[in-house]
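Colleague: Assemble the complex: chain A is given as a structure, and chains B, C, D and E with the ligands must be docked to it using the hints.
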Amino acid sequence: MTAASLEVREVSVGYGPVRALNRVSVDVPEGAVVAVLGGNGAGKTTLLRAVSRTLRFHGGTISSGTITFAGQRLDGLTPDRVVAAGVVQVPEGRQVFARMTVADNLRAGALGARGAHRGRRAAAEARERVHELFPVLAKRAHQRAGLLSGGEQQMLAMGRALMARPRLLLLDEPSLGLAPQMADRIAETVREINARGTSVLLVEQNAAIALRLASSAVVLEVGEVALSGPAGELAASDEVRRRYLGVADDTAPADDAPAPPRPVLSRWPG
Amino acid sequence: MTTFLELLLSGLSIGSVYALIALGFVVVFRATEVVNFAHASLLLAGGYLTAVLADDIGFLPALLAGAAGAAAVGALVEFAVIRRYRGRDHSVLAIVTIGVDIVLLTELTRQIGTRVYPMGDPWGGEVLAFGGISVPQTRVAAFVTASLVIGAFLLAFRLTSWGVATRAAAEHPETAALMGVRLGRVSTSAWAVAGALAAVAALFLAVFPTPGLERGTATAALKAFPAAILGGLDSTTGALVGGLVVGVTQSLATGYQSELTFLGRGIGDLAPYLVMLLVLLVRPAGLFGTRELSRV
Amino acid sequence: MTAPEPRRAAPGVPPLRVSDLTVRFAGLTALDGVSFTVEPGSVHAVIGPNGAGKSTTFNVLSGVYQATSGSVRLGDEELTGLPPHRIAALGVARTFQNLALSARTTVFDSLMLGRHRLTRTGFLSAGLHLPGAAREAARHRERVREIAAFTGLEAHLDQPAGSLPYGLQKLVELGRALCTEPRLLLLDEPVAGMTAPERRRTAEVVAAVREGLGISVVLVEHDMGVVMRLADAVTVLDFGRRIADGPPEAVQRDPAVVRAYLGQEAAA
Amino acid sequence: GCSGKAGGGASGGTDDKGVRTDKGVTGEVIRIGALTDMTGVYASLGKSVTQAQQLYVDRINEDGGICGRRLELVVRDHGYDAGKAIPAYNDLQSQVVGFAQFLGSPFVSAVKERIETRHKLLVLPQAWSADLLGSPYVRTIGATYDVETVNAVDFLLEEGMIAEGDTIGHVYFEGDYGENALEGSRYAAQKAGLRLVEQKIKPTDEDMSAQVAAFRKAGVKAVVVSAGPRQAASLVGVAAAGGLDVPVIGNNSAFAPQLLDTQAGPVLQKNYYVAASTLPIGAEEPVPAKLAKEYAAAYPDDVLDNGVAAGWSAATAFGAALKAACDDKDLTREGVVKALRSLNTYEAGFGITHDFSDPALPSTRESFVLKPDAKATGGLTVHREAAVSQNAEEFPFGE
Amino acid sequence: MSEPTAPGTTAPGTTAPGAPAPPERPAAARRALYGWAAGGALLLALPFYLDRFWLQAGLLAMAAAIGAIGLNLLTGATGQLSLGHSFFLAVGAYGYCVLAGEGDGELTGLGLPSWLAVVLAVLLAGAAGGLFSPISGRLRGAYLGIATLALVFVGQHLLFNAHDLTGGYNGRPVPPLSLFGLTFDDTETVVAAVPFQAMEKLWYAGVLLLACCALFARGVLRGRPGRAMNAIRDHRIAAGVMGVPVARYRAGVFVLSSMYAGLAGVLLALAFQQTVPEYFGIALALEYLAMIVIGGLGSVAGAVAGAVFVTLLPQVLTRYSESLPLVSAPGTGGVAPGEASRYLYGAAIVAVVLFLPGGLVRLAARRAPREKAEGRRP
Ligand SMILES: Nc1ncnc2c1ncn2[C@@H]1O[C@H](COP(=O)(O)OP(=O)(O)OP(=O)(O)O)[C@@H](O)[C@H]1O
Ligand SMILES: Nc1ncnc2c1ncn2[C@@H]1O[C@H](COP(=O)(O)OP(=O)(O)OP(=O)(O)O)[C@@H](O)[C@H]1O
Ligand SMILES: [Mg+2]
Ligand SMILES: [Mg+2]
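Residue numbers (this note's numbering), protein chains in the order written: chain A, 1 to 270; chain B, 271 to 566; chain C, 567 to 834; chain D, 835 to 1233; chain E, 1234 to 1611.
Check the hints yourself; a few may be wrong.
Stated by the list, open to error - The calculated label-pair distances, taken between Cβ atoms and stated as ranges, are:
#, chain 1, residue 1, chain 2, residue 2, range
1, B, V414, D, E947, 53 to 59 Å
2, E, E1421, D, K1209, 57 to 63 Å
3, D, A1052, B, A426, 57 to 63 Å
4, A, R19, E, Y1553, 21 to 27 Å
5, A, G229, C, E712, 42 to 48 Å
Stated by the list, open to error - Which stretches of chain E does chain D cover? Using the computed rule of at least three CB atoms under 8 Å from a CB of chain D, they are:
#, stretch
6, 1334-1341
7, 1401-1407
To be verified - Far from chain E, by Cβ distances over 10 Å, these chain B residues were calculated:
#, residue
8, L282
9, L346
10, H360
11, T384
12, R385
13, L398
14, G401
15, L429
16, E444
17, L503
18, S528
19, G559
The hints are simulated quantities; they were obtained by calculation from the structure and are not laboratory data.
On a predicted model such as this, the values are computed, not experimentally measured, just so you know.
Glycine is no exception: its CB is placed at the ideal position from the N, C-alpha and C atoms.
Bound-form chain A, shown alone (with noise of 0.2 Å):
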């Protein structure tokens, strides 16, 4: 089968009159983990949505450009077919299935593998691996998902895209609410389902980690490219080092960036 690439062209998307990306190209060779950073409202994930074909729930269209996954037209499709084709997203937020327990959350997760991966015995190893990366989701296999905590639900939520085995997994803002050992664990499990041959497009807002995994990075400004080239290269630009690693370092930010005028409140009489 062709090279499981991504090819973002030229994309052009709007919720009604909210322009919120404006021509962005993005490409994500096989076996490839690319990242995309930016500020809040940047479009970030935006950009995943219109991969996975999510934004009419969002009353969002892609208004031109297109968008190919492994040779096949992916701009068109319904969401389970993008699925179909081996390309599978982890939200942002989590949304997890509440009322359902994890095990089904993660059966939920498996309703997406393709070919080989369908089954109940592959279905079985998969969760034998998810489980290894996150035990608690063992431990928690029969609890309601929407009783987990922050960051359980986080990592359900990652285990559940992998339960599908995907050929390009998109992840947005997977360390969202992650301490810092589980962050570094999702780190890992990205470089290894990498390494087993997923490409990844990772949304980040921790940038430090988002550029240490990444091949080569994109940085977006209210809906544009602005930077983009080898993760190395973006990591060592001031630029960047300033508006997005300032994150990672956080021992000196004052310096570098004067802090803003604090702002002022005084107490309420009553």
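Modeller: Coordinates of chains B, C, D and E with the ligands only, in the frame set by chain A:
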């Protein structure tokens, strides 16, 4: 004593019919979180088709055709209306189904007019009698069918991916889509299944001891509401238990009417609702319903 | 390392004493005899691995969960057993780890909701448009604008909260909590999902709250940078137990904490 | 601008032949109202009644109308919904001389007071509840449910199906029909020293198993049904199947020919009787026969049920009143009302002689006893000719 | 004054009847004022032109509007589904009859002055709602909906069985309302050469009551209670943590909406002049839900619009059935007007929800989006 047993049995038997109807509510609710007020018209549609076809193509084929027809109607409703709704508010969708029900019911009653259709069923007016107690064969059939069908659904929801897919789609469509669930197909199938169930229920509503199917038959759906609720709207077991409880309550309240005159006569179809209220006071999500969880 | 400012507790801000707090759910102990004290006017961080029991602590403090045993005293008020609105009435406000805003409600109305406990207008006076109600509304609208300006939301007051980017929605929650004029403010991961500049900005806001209002703040956060910058004291939980407690620097060096929580490179 | 409503605007006056008229009557047409239910719970009754009345009106018009005027039946469908029925009445009453049909006694009693004090026009309700008696304007055609039921019970006694000391059951609808019938059965039972077991049901109850069980427990020797056809069918069926082999007799409204095609048919023909104050539509007397023929011709795909007979009787009575009113040159509403009162031996060809002179009494106390018969048109044949039982004769109204 | 109001269901009275436009917008204010003045004048003039049929229909619509506003407070603003509204209508209607009616042999009646009876009847409905608070305070969504359905059955049972209070299946005559010596019955009072009967007089009472109820509801929705209600609807826990006593508020709103229903019931009874037990059934409860959805969830104007639409549609259709295409007179086969109106009514519910989310009020809102934008400026 025999009277009590007899009332109990007749209650259980009619209750199993309610259980079938309630199951219809449950299936749709699990897949779309919608309380389906249009179930009554699906019921009538299925029964009508079965009845008109019965004497041409024979009972069983007619029943199958009726089920298929009702399923088609259900699927159509889902495709033409439910799926088109963009909002998130489920009580709005519930109200939409009221609109659908009104349209369908009006059309069906127009078709049925003043006729009363025999269902052409094999059981006729036969009864099983033992120990001075007699139960219509139709009701025995109903009981068996209900138990089998509901058992089947329990397994389906537990074991098949359909079960997971429906619940996922109901709870979070977008994420379900990201898991490769075909939203359209899932909810359409649920509505179709509900339609088929309605057809079966309609059969048992319109056979002995009731004379046949007519425009008023669908009103029985109202009696299945308390059944579905006190069992728990999202629980298959609940549908069965709820149905039986409602049936028995109703039957006893009617049978011992003369002893209950202080409640006013004709308490029969009020009683199930009172029982439901009592249950809800103790268990706000019904006997088997999943309690709504609060975690922040 | 910016040293924490000397704190000036406002009058009437009592200490929060959590003692032997235990919370069990079916077959699972989320909190196991946890104790700590929040000094008046201080920023007290609660950190720990995922599932350690941080949010559960908050849920007990705010009355969302019932404690299985143990006590939580704000000054000399016992909080355990009180319903959420009663606790809110005592001046305890919180933000939520997962956003808990009405997507369609404007930022302004979301903030006004915070004033609920401070206002009296009931069905009658609101319905009859009594002048009292109007006056009250006017007064509080002023304060809400101050707080909006303080948190940097004034530009968005008219937008539905749901249409804002994640970071801003977090700020709306913070603003809403401030609008209750709390004596004790509980922040559950206030900077999660924010970019570095936004984190810095939010941190400034929290610091300013402590300074300007002199209220106590309990902070749950995984971003050690922010914790180190803001916290006067840190309590570390793991599997529902307290494994460390004390000033930030000490805690950060605590090997148990490093093992259980920080992981190697973060500590290095 | 000046209101169109100014000055009331009551039509009326005297035509060249000196016939006084007012609302609802012009030089050419006499407009008769029919408030019916074509889409609600009583649609089947409403349809038959209305079509029969339409048939009557057409026939009269073929024969040149009444008083040189065409009849026009103004029909309104209220779908048995008070929200529509009452406004519909208010709308219609201003256009018609009277109502040959007003289906739904709740609505009749809702406007009764205004009929009597303001509109003063003749209303023939399609209901036989004694509650409607006593008004000179609202007149029922035929025996009220209570006497009908008395006749029914006494019939069972006369036939020796039950005897003093026995227990009988009574299944009755909530509402005027059932509860008025209940008064009859109570009276008759008390007179004949019978024990009465009451079972009140709602029109939505269609499975009579529980009721039958209760009856068997009480050891009833016979059952009276003051409910709908379906309930009657279910009851008879369950009773027979459950070995409770007792006669069941129902009121006029408790039978529909459609039932005979269902599996309840055979049992109905065996154990079921119907008390009614008109000949069945299938009777071979000239009038019913002719009506049956014409109705079948006019509405080929509609069933001939007792609604047809009832509608026809009401229409003819109304027509008779109009003719009489024409004779004494008073086609005003009051005139028509008076005219009907003047008819004290009115015979519409349906086997019953009506006496409309006393508004406090039903127009007859007689009842036929009919028996289901699949072969007969309309599914009913006469089992016993019209008669008044001793108790029915003495039955006190309005107490 | 106008506070920020979000689009969607949390936009109470942005187009509410009689909405005094905020002072910040003199131009808009004047326009709005003229608009309402014109509308009001029209309403007041109508009795001089409409015949009894339309007046009664109009009255029913007004009564329905009041009831619908109440239901919208509950279902639209607080997210509590209720199928039991017709029960509280019945409580109001019968309560009034019992309180104001003169007792006789079989019917109990306290013979209170009718205005007092109205007030007490409304309070009675509220009390009935309060009795239900153990349920209404704890249940939500579908469960509450069906639970309230039980009330309808209870109501029907009482109406038919508590003879001495309700008159059983016959219902009760409704004593006419009399205020300041003016009696709202059919005794003619000629005004400007127009004979004023019950309907004409009641019309004005109806208009007045509706206006008051609308303004009251608007005040509630835009004020502190409204915000709390929306919060409960959107995020129960957060609402509690922000200091809103959730259960008490739910119960409170339930009581309030019951009182609205009670008043609507009184007005209905006065319009019918005789209570009809069958009327207060499930169909009616569902109709009210249809009203608020068709009109627009959560907004006062929506409730009114929906009520008018749902109430008048069947009347219009039956009245003008002759002149309508493909609607045939009853008995002649084809689609009877009754059926036609049911088709339309059903289809309308579906169509509005699918193609006009937000209900009829959105139409008005679309017309002046820019004004609304300004209106949001606090
Ligand atoms: N459903 C929506 N309707 C309207 N505008 C939207 C919607 N979702 C996002 N937007 C807008 O589109 C732009 C990009 O949003 P997006 O969520 O892609 O940003 P992001 O980079 O993911 O931000 P964050 O880091 O907060 O997740 C923002 O301006 C946002 O306001
Ligand atoms: N309502 C509940 N029912 C059952 N278990 C619960 C409930 N709430 C929390 N838990 C469990 O209690 C443990 C603590 O949860 P909590 O939310 O306090 O963790 P946390 O410290 O906030 O973690 P995170 O940093 O990921 O938010 C978790 O394992 C969670 O699964
Ligand atoms: Mg995002
Ligand atoms: Mg947490």
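Colleague: A separate judgement is required for each hint: does it hold in the structure or not?
Modeller: Outcome of the hint check:
1. For the pair V414 (chain B) and E947 (chain D), the beta carbons lie near 56 Å from each other, so the given range of 53 to 59 Å is met.
2. For the hinted restraint 57 to 63 Å between E1421 (chain E) and K1209 (chain D), the CB-CB distance of approximately 60 Å keeps it satisfied.
3. In this structure, A1052 (chain D) and A426 (chain B) break the distance hint of 57 to 63 Å, their C-beta atoms being roughly 46 Å apart.
4. Between R19 (chain A) and Y1553 (chain E) the beta carbons are some 50 Å apart, a value that contradicts the proposed interval 21 to 27 Å.
5. The hinted window of 42 to 48 Å between G229 (chain A) and E712 (chain C) holds, with their beta carbons roughly 45 Å apart.
6. With 0 residues carrying a beta carbon less than 8 Å from a beta carbon of chain D, the stretch 1334-1341 of chain E misses the three-residue requirement, and the given coverage is violated.
7. Using a Cβ-Cβ cut-off of 8 Å, 5 residues of the stretch 1401-1407 of chain E lie near chain D, which meets the minimum of three, so the contact claim holds.
8. Every CB of chain E lies more than 10 Å from the CB of L282 (chain B), the least distance being 22 Å, so the non-interface label holds.
9. In this structure L346 (chain B) is separated from chain E by more than 10 Å, as the shortest Cβ-Cβ distance comes to about 13 Å.
10. The non-interface label for H360 (chain B) is inconsistent with chain E: the shortest C-beta to C-beta separation is roughly 7 Å, within 10 Å.
11. Distance to chain E confirms T384 (chain B) as a non-interface residue, since its nearest Cβ pair spans about 13 Å, more than 10 Å.
12. Every CB of chain E is more than 10 Å from the CB of R385 (chain B) (nearest about 15 Å), matching its label as outside the interface.
13. With a closest Cβ-Cβ approach of about 33 Å to chain E, L398 (chain B) is found to remain outside the 10 Å limit, as its non-interface label requires.
14. No Cβ of chain E comes within 10 Å of the Cβ of G401 (chain B); the nearest lies about 35 Å off, and the non-interface call holds.
15. Even its closest Cβ contact with chain E, about 26 Å, leaves L429 (chain B) beyond 10 Å, as expected for a residue assigned away from the interface.
16. Listed as a non-interface residue, E444 (chain B) keeps its Cβ farther than 10 Å from every Cβ of chain E; the least gap is roughly 18 Å.
17. Under the 10 Å C-beta cut-off, the non-interface status given to L503 (chain B) relative to chain E is violated; the minimum distance is some 6 Å.
18. Listed as a non-interface residue, S528 (chain B) keeps its Cβ farther than 10 Å from every Cβ of chain E; the least gap is roughly 15 Å.
19. At the 10 Å boundary, the C-beta of G559 (chain B) falls inside the reach of chain E, the nearest C-beta of that chain being 8 Å off.
Of the numbered hints given earlier, the model fails hints 3, 4, 6, 10, 17, 19; all others are met.
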